[in-house]
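Please arrange chain E on chain Z, whose structure you already have, making use of the hints.
Heads up: the protein sequence lines correspond to chains Z and E, in order.
Note that our numbering numbers the first sequence so that position 95 is 95, with each residue one more than the last.
Note that our numbering numbers the second sequence so that position 82 is 82, with each residue one more than the last.
Keep in mind that the hints are not guaranteed to be accurate.
Using 25 Å as the maximum straight-line C-alpha spacing, the simulated BS3-like pairs for lysine-lysine come out as follows [said to hold, decoys possible]:
#, chain 1, residue 1, chain 2, residue 2
1, Z, 125, Z, 115
2, Z, 125, E, 101
3, E, 205, E, 90
4, E, 101, E, 90
5, Z, 54, Z, 75
6, E, 205, Z, 75
7, Z, 43, Z, 54
8, Z, 125, E, 109
9, E, 101, E, 205
10, Z, 63, Z, 43
11, Z, 37, Z, 54
12, E, 128, Z, 125
Calculated from the structure, these hints are not laboratory results.
Nothing here was measured: the structure is a model prediction, and the numbers come from that model.
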Amino acid sequence: MVTVLTETGETRVSGEAGEALWLSRDEAGSATGWLMKPEGFCKDDVCVPTPAGKEGDYIDGDKVNVSAFWTLMGKPAATSEQGDVWCLSEGAQMRNDALLSLQAPDFTLPDFDGKLHSLSDFRRKRVLLITWASW
Amino acid sequence: MFESVADEDFVIVSVAMDADIEAARPWVAEANPSFVTLIDQNHLLSSLYNMVNVPQAVWIDERGRVVRPTETGGSLDILREFDFDAGGFKPEAQERAQVVKSTYFDAVKDWAVNGSDSQFAFDPAQAKAHVPAMTDDMSLAHVKFQLGQYLARQGRAEEADALFAQCRELHPDSWNIFRETTERMEGGIAAGEEFWGKVMSLGDKEYYASIDMQGIA
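The shape of chain Z in the complex, shown without the other chains:
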């Protein structure tokens, strides 16, 4: 079993722990939101073609090398020593583009009773988003 962490959650998948994150097409989709299609590795209207001549590094039957695609897309990933936990995130360029669009990045976080709230729940109000910490 492998655990895949993204900014929206945590997914347990049946892939093998190792130096690369090989997942079935279905599990790649459920864990990351990216789908293997004839055009390449796709999410919404973005598709990253499989590099020509290197298909074997990215696709093996039903398996997709998610970590290789992640690196190809220039997105940051981190993995535990045994490769049993992977964390996949967005790169600086995407973060900067999002912030410069001035559309506030949405997020969902729990309150102290465990109830989830999204920033977008407060649309039509002005929001002062402010952080603090116990430390």
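Using the frame of chain Z, we list chain E on its own:
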């Protein structure tokens, strides 16, 4: 503080950047319908909004547009005016900090009431110019931090600590990463020798970045 302006047009979303929810819980104020208090154990907001310290704030209008990007939320950088003999900040520094805090929260109230007519809300060009830039190293620090927090919760402290050490090197300006992962004093405050050593080596850099707001120098 905001009861006079907190109404159906305005809400405060306060987020605790705390890996340990139980450490933060005692600090949570009594429930107030105009005040939503959330917990961000993985510091997702650091990654999404390029935050590096607390308190940092973002002003978001009714359409979900940012009118003041990530900035210090009313704190003045007086850390190096801490009087270790007296065990507190010098009174003169505290007064300056109080003025900045009042000025900042008066500006928030002005915007809460007046919205885009407030002189404190940036226009889009100004807002873009104030967005702090993220680097590849910073985004790598954020992904390693999230993995480290997950492993720490699984009891894999050694692996987590190795990741946190990498995070600090990749993103040395992040006090959120540093203080969350450094030694804690009694009471849970991250203000031990390691913290003060880093503060004292800041040189010309600020602990709380000063903000571009009328009335705050």
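These are the hints, each one checked on the structure:
| no. | hint | verdict |
| --- | --- | --- |
| 1 | Z:125 <-> Z:115 | holds, 20 Å |
| 2 | Z:125 <-> E:101 | holds, 23 Å |
| 3 | E:205 <-> E:90 | holds, 20 Å |
| 4 | E:101 <-> E:90 | holds, 16 Å |
| 5 | Z:54 <-> Z:75 | holds, 19 Å |
| 6 | E:205 <-> Z:75 | violated, 30 Å |
| 7 | Z:43 <-> Z:54 | holds, 21 Å |
| 8 | Z:125 <-> E:109 | holds, 14 Å |
| 9 | E:101 <-> E:205 | holds, 20 Å |
| 10 | Z:63 <-> Z:43 | holds, 17 Å |
| 11 | Z:37 <-> Z:54 | holds, 16 Å |
| 12 | E:128 <-> Z:125 | holds, 21 Å |
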